[in-house]
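Engineer: One letter stands for each residue in the lines below.
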Amino acid sequence: MKIAITSTGNSHDSTLDQRFGRCNFFVVYDTESKSTEFIPNPGLNAEEGAGPASVQLVASRNVNKIVSGEFGIKIKPLLDSLKIQMIVLKDSEKKISEIIEMLNH
Amino acid sequence: MSPRLKTLRKVLNPPIIKGFKPYGPEVGKNNTEPVFFLFEEYEALRLCDYDMFTHHQASEFMGVSRPTFTRIYASARQKIAKSMVEGRQITIEGGKVYFDSDWYKCEKCKSNFNNPEREKPITACPLCGSEEVKSIEIENAIDDKCVSETKNICFCPECGFEQNHPQGVPCKMQICPKCNISLHRKTTVIC
Ligand SMILES: [Zn+2]
Ligand SMILES: [Zn+2]
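Residue numbers (this note's numbering), protein chains in the order written: chain A, 1 to 105; chain B, 1001 to 1191.
Calculated from the structure, these hints are not laboratory results.
Please note: incorrect hints may appear among the correct ones.
Lysine to aspartate or glutamate pairs mimicking EDC-like chemistry, simulated, CA-CA at most 20 Å apart [to be verified]:
no.: 1; chain 1: B; residue 1: K1134; chain 2: B; residue 2: E1119
no.: 2; chain 1: B; residue 1: K1110; chain 2: A; residue 2: E93
no.: 3; chain 1: A; residue 1: K83; chain 2: B; residue 2: E1119
no.: 4; chain 1: B; residue 1: K1105; chain 2: A; residue 2: E70
Just need the whole structure built from these sequences, with the hints factored in.
Structural biologist: The following block contains the structure:
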């Protein structure tokens, strides 16, 4: 299974980005191969439509779940309709490595 | 290829029936084509005429603008009238909607998450695996840290008209210039 995590940077020591549409990086973690891929958010500097562009990006990677600090009201219905599970973690101190550890429970 | 994204309207609960059939001696003689009722039309009708919300509140629940809501609602009423007057069957079917999924919280890692697979119940936290998960009622979805703030603004629950709250005059004494109903004090929830 693939899980996307919004990240402030491109390393395992980076912290969870609290913004979904405007996060710096998406981490795609594969629970089977235990591999991680850091993808810069192409919508970061977009004037508008950053959220839907981010949804499209994670959907194209066949992600089943997304961990982030928040999902906007325009994002929730999109992810709901794509059956991608939203996991909201309001902890801006959490490191990507710690979240991956939690996912490996 | 990535899935196409559409503008969706929120429907809290799917209807429990698939439609209505008329009965009587004249049924089926002339007008045999059913009236197709969309989910969003059902939802608009439910919110306004069953749950008695204002159009303004209902449009917010459905995540659509006021004009869009008015159009959906008008279409719902028109279709019901048509089916009754012309003795047509009503078939409730699709439309641009999504069913808002249920939300849960994990007592252990404090995460909130939804259940996109409505059919399968949630038994464990998708993040930490703990079984201490609880369903969040929509009313309680706003967490404890949130405070509601009363603003110095009166608004019309019908059309959304706003004006500054005049000192010492109750909001209820203020009348909306468009709808001729009394205004309410505006409160917002800040988290
Ligand atoms: Zn948990
Ligand atoms: Zn008004």
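Engineer: Each of the hints needs a verdict: does it hold here or not?
Structural biologist: Going down the list of hints, with the structure as the test:
| no. | hint | verdict |
| --- | --- | --- |
| 1 | B:K1134 - B:E1119 | holds, 17 Å |
| 2 | B:K1110 - A:E93 | holds, 14 Å |
| 3 | A:K83 - B:E1119 | holds, 12 Å |
| 4 | B:K1105 - A:E70 | holds, 14 Å |
The structure is consistent with each of the numbered hints, conforming to all of them.
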